Structures are given as structure tokens and as C-alpha cells.
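**Q** The residues making up each chain are set out below.
Number of protein chains: 4
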Amino acid sequence: MITAAVAGASGYAGAEIVRLLLAHPDVEVGALTASGNAGARFGDLAPHLQPVADTVLQPTSAEALAGHDVVFLALPHGYSAAIAEQLPPEVTVIDCGADFRLDDEQDWTDYYDTPFAGTWPYGLPELVRAGGEKHRADLVGAGRISVPGCYPTAISLALAPGLAAGVIEPQDIVVVAASGSSGAGRSTKPHLIGAEVMGAMSPYGVGGGHRHTPEIERNFTRAAGRPASVSFTPTLAPMPRGILATTTARAADGVDAAGVRAVWEQAYADEPFVHLLPEGRWPHTGSVVGSNLVHVQVTLDERSGRVVAVAAEDNLTKGTAGAAVQSMNLALGIPETTGLPMTGVAP
Amino acid sequence: MITAAVAGASGYAGAEIVRLLLAHPDVEVGALTASGNAGARFGDLAPHLQPVADTVLQPTSAEALAGHDVVFLALPHGYSAAIAEQLPPEVTVIDCGADFRLDDEQDWTDYYDTPFAGTWPYGLPELVRAGGEKHRADLVGAGRISVPGCYPTAISLALAPGLAAGVIEPQDIVVVAASGSSGAGRSTKPHLIGAEVMGAMSPYGVGGGHRHTPEIERNFTRAAGRPASVSFTPTLAPMPRGILATTTARAADGVDAAGVRAVWEQAYADEPFVHLLPEGRWPHTGSVVGSNLVHVQVTLDERSGRVVAVAAEDNLTKGTAGAAVQSMNLALGIPETTGLPMTGVAP
Amino acid sequence: MITAAVAGASGYAGAEIVRLLLAHPDVEVGALTASGNAGARFGDLAPHLQPVADTVLQPTSAEALAGHDVVFLALPHGYSAAIAEQLPPEVTVIDCGADFRLDDEQDWTDYYDTPFAGTWPYGLPELVRAGGEKHRADLVGAGRISVPGCYPTAISLALAPGLAAGVIEPQDIVVVAASGSSGAGRSTKPHLIGAEVMGAMSPYGVGGGHRHTPEIERNFTRAAGRPASVSFTPTLAPMPRGILATTTARAADGVDAAGVRAVWEQAYADEPFVHLLPEGRWPHTGSVVGSNLVHVQVTLDERSGRVVAVAAEDNLTKGTAGAAVQSMNLALGIPETTGLPMTGVAP
Amino acid sequence: MITAAVAGASGYAGAEIVRLLLAHPDVEVGALTASGNAGARFGDLAPHLQPVADTVLQPTSAEALAGHDVVFLALPHGYSAAIAEQLPPEVTVIDCGADFRLDDEQDWTDYYDTPFAGTWPYGLPELVRAGGEKHRADLVGAGRISVPGCYPTAISLALAPGLAAGVIEPQDIVVVAASGSSGAGRSTKPHLIGAEVMGAMSPYGVGGGHRHTPEIERNFTRAAGRPASVSFTPTLAPMPRGILATTTARAADGVDAAGVRAVWEQAYADEPFVHLLPEGRWPHTGSVVGSNLVHVQVTLDERSGRVVAVAAEDNLTKGTAGAAVQSMNLALGIPETTGLPMTGVAP
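Chains as they are written, first to last, in the working numbering: chain A, 232 to 578; chain B, 232 to 578; chain C, 232 to 578; chain D, 232 to 578.
Some hints could be false.
Label pairs and their calculated CB-CB ranges [stated by the list, open to error]:
no.: 1; chain 1: A; residue 1: Glu496; chain 2: C; residue 2: Ala271; range: 33 to 43 Å
no.: 2; chain 1: D; residue 1: His422; chain 2: B; residue 2: Thr568; range: 31 to 41 Å
no.: 3; chain 1: D; residue 1: Asp484; chain 2: A; residue 2: Glu294; range: 50 to 60 Å
no.: 4; chain 1: D; residue 1: His422; chain 2: C; residue 2: Gln497; range: 50 to 60 Å
Honestly, the hints are just simulated from the structure, not real lab data.
All values reported here derive from a predicted model rather than from experimental measurement.
Ideal placement from N, C-alpha and C gives every residue a C-beta, glycine not left out.
Using the sequences and the accompanying hints, generate a full structural model.
**A** Written as C-alpha cells, this is what we have:
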């Protein structure tokens, strides 16, 4: 059995990692740590995780985390590097925060207020690069992995096949995505209380201000093999979980609908977690809640000359914790789908 | 007192017209008609409209509607022309359906299955045309008015100022909008039942398939004074009311953020129902629920070179019934804001 | 014109009072005050109230509030008495907090941590006492009025007619009520954030612990003319507004269904805001959202020997702010329904 | 491997059975059948069940179902008996409908319009009878099992311990429960469409009219060993899944709070799926969504003399499909918890 610790277990991402690990046949859950919630009974903060309800949260520290085979970090940005440095190299460290996602220091500095920590292999196995290779190869045997942001996962998987195949243009991509409010974490900000969120939608970080923007552009640039530009508008939707990403890019000259579909079909034909839906069916976030799946659909809008691709995921599962466990499986040589939910909880 | 009849009063749009008329100081509500629900006590179908709960719905017919000063039609497309022809010219007829919205017969034929009925003055007073004139002028004294679609209202008001002023390009506009499920009407389709809608989002009519697409393009073309093209993706959001429209267009050469804002400020400075929010504040559909207001914000994303404008409205109020009553006010020479709610019901 | 100030205007109750006053033909809105939010632009906190968006919130003080004809207090408990003492007797003061609701000092001490402040006339005009008289009489010309709690309004109106008429027993009443999350106010507690509230229900204050319990028992005791006892369980429902109160009491000997209905019919036949629905129709909170209405239905369950009465209200409107404005109307001799919404915003 | 067929797989209950069976290590999913949806690709109706998305639904018939070790029936009432009779006795048949739940023919006739079909062992293993024995014993090796109604599961588990121990009175029990809208099934009734359900609550079947009433009374009578009577009011809540049952019964003479708690503690100490929460923690339906768990809490309200017990479950999992699979495990000698989710999907 592999032993795993989770730092930041009382947050939404951390608790979701625990949920998945409890169902993983090869993993034993070890230390669960927190900062402000250290000392609390875990069941008082995560009553949905009955099997570990009586576990007491330890303060987050390298001491508490060391001694496990795998450590998952689900911390605010800026904290992971210091912890990771204190963990021996034989411990597999999987970071769900932003700290090691970007590879351009300027991008980091433009969006974050802490020092640039570096770059780790990117935990999005299904993401294609220019030339056709996927990121999966980087993860096999990796000792340090950076889990993608929740928005970039859905958005990148939606459009990357077309960029890699050259059927869409990497410049002037437009993305509008809706996220459930768990994406904002468990913080108690005034605009996130139930009465404000229910029954209403609103955008935020408009005009390139969202921190996931450079990660999205980087992924698209890698897929296209030339510079991509994106207008990205995230919106807050009245649901607990789920991301619906609507992405559009200009069709390359001479492309037709069948050709577009063929590109996406080929890209995801063998992927266990990314499904191109049958023609005419569009993704519905409710269908992937609780699962590690991404549902994708694509079409060519001949009127406007744009390809529209839509992806749905659960921001906490495939968007965070599922990607973390999937990455762990690849890192440790466990079959990639082990322990990961293949069905959503719907309706 | 003006007497008003409402055809299709048991649908969401029709009932919302009744709600507004009950609060209008110059209007007396007369006949309420329906097709399948004819003969029913109105309160059994619209218990929120207590003052007319005991009114019995009459079958929709020209006879039932004639004899009122104003007739509101809230019918499925294809029915309005036949009714309107039977009403004498001195009756003001305001159609909330699609029948008279388009002015290009080919556009109609591309999207609808009934004969093209013609074009009536367009009930969106605040919409600017190239040259700066607004549609308001067309409505003063009009005897026949076509109320815009709910999506086109929010979307057109979001971007038209920039098109008319030339600070954005009319080609390759991209719009993604989220609508509450009342936008789909009161029909009992499997994908609209509560368990499917709650907690989930999904797109529909992707790739130019939504019937509001040609209306949006027509409005943008009128605003720009040259052909516009739009990629429009509507999505269904888990809320009863509200539309959040995220619209983006390429910035014209040499435009800066202050210049963009100045254009929108000038366009809506004197509009009672369209408000450009203070800088840094973004629209929230919850803030306009039940009101006739549209909240708008705009920014220039220098990274991507696109202007992003977002508008929030209540699809049933300003998006349908409020526009109808506002149009009636203009048609009959009543002050434009009379009887229309200036505040939302929030949270 | 009557001038009115609102203390605590940035909370949900206070903002709802402002919403109603803006639609009141005889009232001019004056000072809006706050504590932590003093100095803020009101529109940044209540963007749904466009007409006063540019008003700056003043710090709550007797100085800011004096000089108006009416002062509405929407403050946490324990603050109203000190403010009210500093306001001259000719100022009508309407308190939406708990401070003056109870008339038994022991009840107050059992549930609150501040000194007992006394008792003001109770702003629930439609509530019947033993003997048949309603509380309306206490409010005409009153200079100080205490607005009922949101739960007690719906719950008391549901059962009081039967208690006053002697067709149900006042002992062993059982009430379970569901409230939208705005009932918890605008505070940012961890269990009230959107992701926790949406898609879930939970009880709180179970076992007699909710502060509205003694107010409910007092109202039932007044209605019955002899001691009442209540088991009250409130629950938090995933909606922004609305209370659905399910109340049951043992039927008195010899009572039949027709007799029960006749009692409620008679009690509310002439009430503009409390409607007994037609037989077979049950209240739906959505139908009264935004309105000052209470929808009530009652039946005799012959199997269990209990009368079940259900009431629906909007907790912020009739449950708080509407009652406040209705009380103001009675206090100042304005027709009781003036300025109060008679229709809900549905769906 | 055990082979299992599901009749009525395209309904919510049937699809949930499929979801659980796909995660069951000892079961292979065989025929999936439907009536109106026969011939459809299952993935078009249940896109959340990706692994069987390409399965084609067969028409429901004994022929399609025979040849499996276990047959789950998720059919409207009145259909199960005819199917079951045609299945050989060695096939384990588990009925999720109402047909075999009641043992009193008069109760059946009072609430249903089809002939009384008989009584099968009752699939609620944790339910205690007078004397202390639980229903589990009836299920071991059973060839025919009737799964409880979703409401009776939560409600019976909430109060039965106190009835069996004699600390509460079986007469004059009062229950108010809230259910997510999936409890109404997948039917497209006007009051179940999203715009009606979201943001609102309403009761139904008030006054003893709900079909689960006699089942609840029967369970309570069995637990108490003497006749029980119940006032039961179900309400529809704006959430897709979940039941919150608030149950109250008069405390027996001389009972104190510690004694009450001890009874429930003892009843559920060894139950894997029914958890009495720590003192002061109350059930939250969100915590059990997708799981086979029931969370229970109980208290003595000394003011009113009533014990209040609250239970939360997922109506589709423990309330239907989970109970069916748990019953199958017991019937076939598989460890009871095999394949059943022990964690909820929260938030």
C-alpha cells in the first residue's frame, strides 16, 4: 500500500483529494494537515468523509508530511516551495496550487505577489503539444508534479486538438467559462455567501485579469507550436461544482465541419477520461459532477467562421483532485485510471 | 385609463406583462387570453398575481382582444400576424414574439418554419444606430411594435455604443450568454425539469443555430453601419431569471481604455434603464431581477486586443415584458419610465 | 411627503426597507446609515437599488436619524433602545430587530445576552387575539412599533385563526419551517457560503433553541387565550428568499374539515395581504417573493387527528421590511396597502 | 461475477442502480431495459454513465431480464408483480417500486389504484423492530426483496430507536420532510420544471395524502410494538437530490436528554451506513449526496416535551438504489457494504 498525506485537507481541493484517496485501492490515507483548522476533528469540517471523520487535523509542516510515499499539497499559492524543499526526493510531491504551473517568470510576476518558484511537470496527461505528443510522457516516474488550474484543464482540453492539427488559428481565441462557487474555495467573502450566489451570475477578472490567463495561453502556445492569444472571461454560476468552458477560435482556411470533428475524434479516441460526445450532444456539467471525466463537443460555425468547442468538467475532481490522483498513478506506475470515478453523480 | 389585453397570459412572458401592467398607474388590465389554458382561473396558473387571481382566461381570438386600447401578444411564433390583421389600426399592438423582429426575409426563412410576416418598429429604444440616433424615435406614436428577443436586448445594448463610435470592429464579434431557465418558457421538456437544470450548465444552439443570431447581427450591423458577424453561444444556467451576456469585439486601431469607457458613458448617460456601472464593478444578474434595468460594464483587454462588454438583465422584464410596456409608453405618449420597476429584488 | 431614514441600510433587511420606500408614493428616502459600511457608496453594496446608488452611507447615530418623520431600525439586537431613546417622541420609530418583540423579561433573558429593553406594539396587523380582535388596532397612531420576526409572522398567521376559534389545541403544536438563506443576514459565516448552501438542507436551533420560539409561543398564547406550547424546528433551504412554514396542531374534539376551513376563511376574508388559497392549492414560496403577501392553506388530517396549516411568505418583505412599511402606514394614517407590492416576482 | 439486469434503467432510480453496479466489484451489468425509451442509446439519456453509454435500451420484458442472477425493477407501481411472476425463483428480484412494501391490503387500496400484489421482505436492514431485532435478518438469502420508499427510509431510521426503546410515544408523531426534486422522478409535469422549482419550496400530499404515509406508520408500529400514528407533510425543495426529515414524538414520562441519546447511540453504534452525529452537529443533506449514508441527530426539547430527530439521506442512493444494492449483498451473502459509496460528494 502507498501512504499519502494531504496538506490543506480542510479546503475544498484538499477534502476532494481525501475523498478520492479513500476509494483508491492502493492508497492508505495518512496525515491530514491544515493551518487555521489544525486541531479540529476532520468530520466537523468535512462531514461527507465519514471514514476519516475522527481524524484530527495536524498543523501543516514538513515533519507531519514526511514519512509518506506521496504528499499532496492543497495550499494557497506561495507556500508549496518551502514545504517541498524540506521533503526528501523519494517522496512524490503533487502540488495543486499555482506555484509550479507557469514556466515564464514574467507571467508569474505579472499575476502573483510571491517569488517565482520554478516549473514542475504539468499534470494534464491528455493535453497535446505541437507535433502530437501529449503531456502524459512527462509524468511517468516524475517526483514532482504541478496540477493544472481548474479553468485551464477544461479550456485547454477543449481547443488543443484543433491547434495541434492546425485547423484553428492560435491568435484571437475567445473563451468564456462558468464555474461553480466551490472554485472560489472555502473563503467567506461577502459576494460568495449563498444569498448572493444563488439565482445569479456575474463575471470576474474580466479583461485578462484572471490568474489562469497566462496558463491557458501557454498551453495553447504549446499545442499550436506558435504564439497564442486569448481573451478569457470567467463567470460565477449558481451551482456548487462544475465548469462549462465555451471556447472559440477562427477556423483555418479551407477547413470543413467533418474535418474539424475528425481531429477531435482522433485526439481523444483512446483517452479514458476525455470524451468527445456524439454529434448533436452538448456537454452538461451535471453529467460529470463527482467524476474525473471531461465531456467535449465541437462544431464549425460557418456563419461566423469560428470553431466552437465546449468542455464540461467537475472543477474539484478532474479540475483539481482527480488530476492530482491521476498524476500520482502515472508517477508511481499504477494504471492511470485506478481509483478514479468514471461516472458522474446525476441528476 | 388605458385598457390593455394580454394574449398568451399564462406563459411566462404574458404573466410578466400582467405583473407590470398591474403596477402601471395609467392602465387597466382587461382580457387575459390563452390557448390550452383557456377556461382556467388565472390564479391557478399564476398565483403570484393575486389581484387578478379570479380572472378566467378566455380563448385567444381577435374578438376577445378587440375593444382594448392596447393588445400585447405573447404567443409562439407564427400566430401574431393573423391576430394583428384582425385588430383595427387604432388598437396599439405590441408583439413579444419573433414574428416581426427581422427585416430580411432570408434570415427569417433560415431560422423559422412559418411564412415571413414582415417587420414592425423595434422596441429597443436605447439601441443606437450608426450616426448616433437611437431606435426610440421609431416608437413614438407607433401602432405596431415588435419587442426584441431577450438575448438580443442584453447583447445589443452591451456592444452597440462601441460599434456606432467605431472603437470596435463589427466583424468577428464573439458572444457567450447565460440565461435563466424561464427563457425557455413554460414548456415541459425533459431537459428543463428541475433536477436536470439545478446545479448544472449546458450550451445549446451552438454554432449559429440559435434563432436570435440573425437579430443580433442585424442590430450590430445597424449600429456599425457596415456588416457585422457574430459567433453566439447561449447557455442554460441554474437560475429562474436573468441573462448575463459576455460580448467581445476586436478593438479598433489606436483605441485606449479611457476612450472606450468614454464612448459607453456618453451613450447611456441619459438613459433611465441602461446603467454603465462604476469602473471596477461588474454586472450581477441578481441585481436586476424583477426590474427594467440593464447593467453594463466594459473594458479593454490590452493583452488580447479585445474589448469585453458585459450586460445583465432580467430576461422576462427588460428582456420581454418591460420592453413591451416601455414601448407602449412611447407609443401612447406616456412618460417612458411610467410603471416600470427601477429597482431589482435582491438578494 | 413623509421623510424616512433607515439605520442599518446595508444589511438585507435595511436594503429591503429602502427598496419598498423607493416605491412608496408618500415617502421620501432620507439618511441611510451603517456601522462597518459607513462611508461607502450605497450602490456598491446594494446595486439593485439604482435610484439611490450614489448615496453615501452615514455612520449610524441619533444625529443622522433625527430630523426625519420616520426612522426604521434594522440593527443587530441590543442596539435599538439606545438609539430610540435619543429620538424625540414625534419621530415614529419602527424597529425591525428583536429588542422590543417580547413582553416577558424571562423569555428575553433565556434567549438573548443583552438587557431587556421593554415591549412595543407588535407590527403584525393581521394577527388575531383570543376574542377575535386583531393587532391592527394597536398600531394606529403608534409612535414606536416592533416588527415581528420573519418566522413568527408566517407561523403565527398560519395557525392563529384556529386557536382563536378553539378548533385546535394550543398545547403540543409542532412547527417545521424552511427559510431562504437571506434570513441569516449578510454575515459571512462558513456554513452560509454558496457552495455549502446550494443543493442542501439542514436544520438549526433544534430543540427549542431558536430565538423566535418564545415569540411564537407568546403569539399562540395570545390567540388561544390560554398557554400554548410549540416544538419549532427551523431549517435552511437552498434559496435566497422565502419561508415555508408547516404548522400542525391537534384538532379539538368534534371538529370537521369544513368547519376548519370556515374559520380560516372568515379570519382572512378581508385581509389584503393574507390569502387563504382555494381548496387543493398549497402555498409556494416562489409566488410571494418580493411581495407583501402571505399565502395560507389549511386542512384536517383525519388519519392523525391534526390540523395542518402551511404559510408562505418572503422573509425580507412581509417577514420584515413589508411589515415595517405596513406598520408605518397604520401609524401615520396612510391607507394600509399604500406602496406595498401586491404581486410576487415569479418564476 | 454476478450478472444483473435493471428494468426501468432510464428513470432516475434505475440509472442510479446502474451507477452503483458499475462500481460494484462482484457485479457485471447486463440488460438495461425501458418502456418509452426502449431502443435509445443509454448515453443519450444518462450521459453521466459513460462506461455504458453505448448500451442500447431493450424493451422491458421477462425475456430480456431472465438469464441474470439479479434483476432490479425500477418501474411505476403496478408493473412489478407481473414481471416477477415470470422470472424463475433462482433469480433474485429486487423491487424498487411500491408494489410489495405494504402488508395491509386496506392500506394499499386506500392509496393505490392497482390490485394488492402482496408483501416481500423489506429492504431496510438497519430498521429495528420492537424487541430490538433489525430487519437485516429477513434479507439474508431472500429471493424477493422490496426496497423502501425514499421518505420512509430517512423517517423510520430517525425515530425507530426511540420507539423500540420506549422513550417516545408512538401516537401523534409529526414528520415534515423536504425532498430534492429527483424524488418526483423524471416526469415532465408543469410544477417540476426548473423555473418553478428553483428558489422556492412548497408542500404536497398534505393531510395524510402522500402514499408513503401508511408505510411510515407501519414501520413505526413495528418498532414500537403498538399502534403508531403520524402526521406527515412532504415538501419539495430546490435541490436535485437529498431528503431532510424532521421527526418529532412526545417524550415518554421521565425521559432525560442523556437517556435519549444513549438509545440512539446504541441502535446505530455498529451500523456502517447510519451515523449518529456528534452532539451539537446536525445533518446536512449535502454531506450524504451520492453516498449510501444516513446522518442522524436527536435531542430532547424540554420546553415542548418532544424528542426531535432529524435524518439526512440521498433519496436516490440510500433512499432507493443503495438500499437495493445493499439488499442484494445481503441476499447473496456478499459483505453488506461491498460496492456502496461511504463518502458523499460535497460541497
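**Q** If a hint holds in the structure, say so; if it does not, say that too.
**A** Verification of the hints:
Restraint check, glutamate 496 of chain A to alanine 271 of chain C: a C-beta distance of roughly 54 Å breaks the suggested window 33 to 43 Å. Between histidine 422 of chain D and threonine 568 of chain B the CB atoms are about 35 Å apart, so this pair conforms to the stated range of 31 to 41 Å. Range check, aspartate 484 of chain D to glutamate 294 of chain A: about 56 Å between beta-carbon atoms, so the 50 to 60 Å window is met. The beta-carbon spacing between histidine 422 of chain D and glutamine 497 of chain C, approximately 30 Å, falls outside the hinted interval of 50 to 60 Å.
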